[in-house]
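All chains, full assembly: derive it from the sequences and hints.
There are 2 protein chains.
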Amino acid sequence: MTTPLRIGIAGLGTVGASLARLLQTKTDSITRRAGRPIELVAVSARAKTKNRGFDASGLAWYDDPSALAREAEIDGFVELIGGSEGAALECVRAALERGVPVVTANKALLAHHGVELARLAAENGTELLYEAAVAGGIPIIKTMREGLSGNEVSRVYGILNGTCNYMLTRMEREGLSFDLCLKDAQDLGYAEADPTFDIGGFDAAHKLGILTSLAFGTEIDADSIYVEGIEAVTAEDIAAAGELGYSIKLLAVAQRTDTGIEQRVHPALIPAAAAMAQVSGVTNAVAVDTDLLGSIMLAGPGAGGDATASAVLSDIMDIATGVVLPTLGIPADKLQPYVRARMRAHEGGYYIRLSVHDQVGAFASIATRMAENGISLESIVQRRRARAGDKANAQVILVTHETTENAVREALRAISDDGHLGGQPQMLRIERLD
Amino acid sequence: MTTPLRIGIAGLGTVGASLARLLQTKTDSITRRAGRPIELVAVSARAKTKNRGFDASGLAWYDDPSALAREAEIDGFVELIGGSEGAALECVRAALERGVPVVTANKALLAHHGVELARLAAENGTELLYEAAVAGGIPIIKTMREGLSGNEVSRVYGILNGTCNYMLTRMEREGLSFDLCLKDAQDLGYAEADPTFDIGGFDAAHKLGILTSLAFGTEIDADSIYVEGIEAVTAEDIAAAGELGYSIKLLAVAQRTDTGIEQRVHPALIPAAAAMAQVSGVTNAVAVDTDLLGSIMLAGPGAGGDATASAVLSDIMDIATGVVLPTLGIPADKLQPYVRARMRAHEGGYYIRLSVHDQVGAFASIATRMAENGISLESIVQRRRARAGDKANAQVILVTHETTENAVREALRAISDDGHLGGQPQMLRIERLD
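For the record, the sequence lines run as chains A and B.
The opening position of the first sequence corresponds to residue 1126 in the working numbering, with each subsequent residue numbered one higher.
The opening position of the second sequence corresponds to residue 1126 in the working numbering, with each subsequent residue numbered one higher.
A couple of the hints might just be wrong.
[Unchecked claim] Cut-off 16 Å, straight-line C-alpha distance, at most; resulting in silico cross-link-like pairs (EDC-like, lysine to aspartate or glutamate):
| no. | chain 1 | residue 1 | chain 2 | residue 2 |
| --- | --- | --- | --- | --- |
| 1 | B | K1151 | B | D1180 |
| 2 | B | K1175 | B | D1188 |
| 3 | B | K1459 | B | E1241 |
| 4 | A | K1151 | B | D1416 |
| 5 | A | K1459 | B | D1153 |
| 6 | B | K1459 | A | D1153 |
Since the hints were derived computationally from the structure, they do not count as laboratory data.
Here is the structure:
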């Protein structure tokens, strides 16, 4: 196999330019590992004149990415435009319809059109690869598609958003406020000017939707994911959790339950002594619980031009070997419809922080309402008052034993109705990692 | 592709029996993932009559594993006999010579004959797979052979022996002695009656030899590995390291240096806040530092029948897809000879524990000898005396800044010659993880 694999790239942003540079500079080691040369032959981007650090002189240039996908003489098409609709979707469809293998880093595209594109790839005897779409440089897609074969997955979960993890890490280690950490994240380029997509949990949800499909053989249904961002997490919660032996992370979790598959993204308390609690800064991590392997965890850089380009490159090298695997691990026509578990039925422990007016009355109310809803408490801590003697600002922190989300919400509603609370109760889920 | 892939297994111990059960019970999910049925057709083991929890009735039975490899009508041969020579080596050679793909969990075989077998596989247009040989159920071989393509590795390191990690974890968490933890490990079946192979670091060295080859494209040279076991680590070292913010782990490290590739297995201090420091009990972990990806880490079960069988099964499923990759990541004829770095040149920080007779004289000697060898100290702690007023039993603990192994050994020799030490100095390397 010494015929070169000819590659076209649509989208020359940070990742695209980094990939083009790698393909032009690492030719020896790429050829040795891939068993044949990999040659960049065509590109498409908006601005043709811009210097992107690679030699564009010998390459076919297309203004229209779909034209590249339809017309260029290529053996692999790389989509790095981004966005779930429009140009990205069109050019990926065009390449697959022509039977050309596609590599993409586009999680939104996969989350919204993954099943359709998996079918299209199968119909045309080609494949769609997307290692870079989830957890950047961590080879979690390869691991789940190929490495866990034969295992039944019971849960997949992880830290899938670097921006949130960076902020929570700084809040934990330096006791800083949410707003200050967000500003720093924006200054460092880890967060967008409008950070909603990251800190609201939506980016993590897109990635989780893909992992859920791989884990359970179901169709991707990212719209059914329960999503809660980190906006309501305070430095006080992080400190209180720390005293109780927990760390707070934005977790994305997909889990098989009796009523269906639970997909949820939310801040969660995890044991501070767990390896995942040490995953700090913009690093991502994914853990998979299975019947045969027990639990495995992968951690590494979740983003960055070179790390993402490296993941794209490993997909391209898989194309070079000539093997064609089903996009979502099993044949597209064997994927089961996704059956959503009711979030209200979620079972687990809870961390609850309440601002109370009147301590004695509040404690009685808390104890009664919890008992009425069958909730037993692991610990009750009164943390501090803002000013001595100011009863309106006492903070009561509860950690429950295993219970249901429904029971906790009912109890909190009743405590609130009793009139002892000085603000909205804070409720965070505790994730068991064992 | 609905033709079944026919498999023969040689060796029906824990892993072999577990694999046979999986192949007979998980047929639906295996077929769905592999794209074709995988059928166990032949087995070989010493005792034919033993009940191993699977149905042996329809299977061809061979007393001689090499006869199975040579004669059975199979599309894949699984070697689970163990040992680097004899039956295991013979039957693997026989299968490869016939062009039949081989899967093995045998680290000793790979460590000693990996390059020869890689060449034999290439010559016969077939392949040798060994995911289960390193770190049990963690897909590190797949990750290094396929997922890191395009990356230059600067270091690969990890916790590769579950027995040692189990013992060190208990010593750390419960303050127990080495001997007590070893006895418990033996009672639980984590350690052999003769535990030398595990606690002496030799098992980890076999695995490291394989990882080194994959990381650096060099021939396997497990005999050149510097190996130091955990026998000399005391509960006192672990406690002192903990106070200084470190955890002690048996690390296996391969690292590119100016003079060659350093391969070493030894107890090392790592920052207690690192994710790898939280890898506890029999869990294994491997981290890879690369130019593009930065650092990624994989953690999971290092042993166990089902976990190992699962890794073997994922290799079998790779055979089912029909792709043939070079055994050691790059073609066998492109592997470079291994060039060993001199361990004396190892650079890093050191933890040193000295038992001193006379404090004042000892301190002066330590300071002078360290300075003479260009070693600067990060911290000096006098930990305790066994009995108040008994100067002969003062313990002095030093942490050095970055220096060379040679300098430290010279300084310790000189301090010892000065006559202030009440016993052998303890010297442990500090591994930088950033």
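Can you confirm whether the C-alpha distance between K1151 of chain A and D1416 of chain B stays at or below 16 Å?
At roughly 12 Å apart (the allowed maximum being 16 Å), D1416 of chain B and K1151 of chain A satisfy the hint.
Tell me if the straight-line CA distance from K1459 of chain B to D1153 of chain A falls inside 16 Å.
Distance of about 12 Å is within 16 Å: holds.
Given the hint that K1459 of chain A pairs with D1153 of chain B, does the C-alpha gap stay at or below 16 Å?
holds, 12 Å
Quickly compare the C-alpha distance for K1175 of chain B and D1188 of chain B to 16 Å and report which way the hint goes.
holds, 14 Å
Restraint status (C-alpha distance of K1151 of chain B to D1180 of chain B at most 16 Å):
At roughly 14 Å apart (the allowed maximum being 16 Å), D1180 of chain B and K1151 of chain B satisfy the hint.
K1459 of chain B and E1241 of chain B: Cα distance at most 16 Å?
At roughly 13 Å apart (the allowed maximum being 16 Å), E1241 of chain B and K1459 of chain B satisfy the hint.
In this structure, none of the earlier numbered hints is contradicted; all agree with it.
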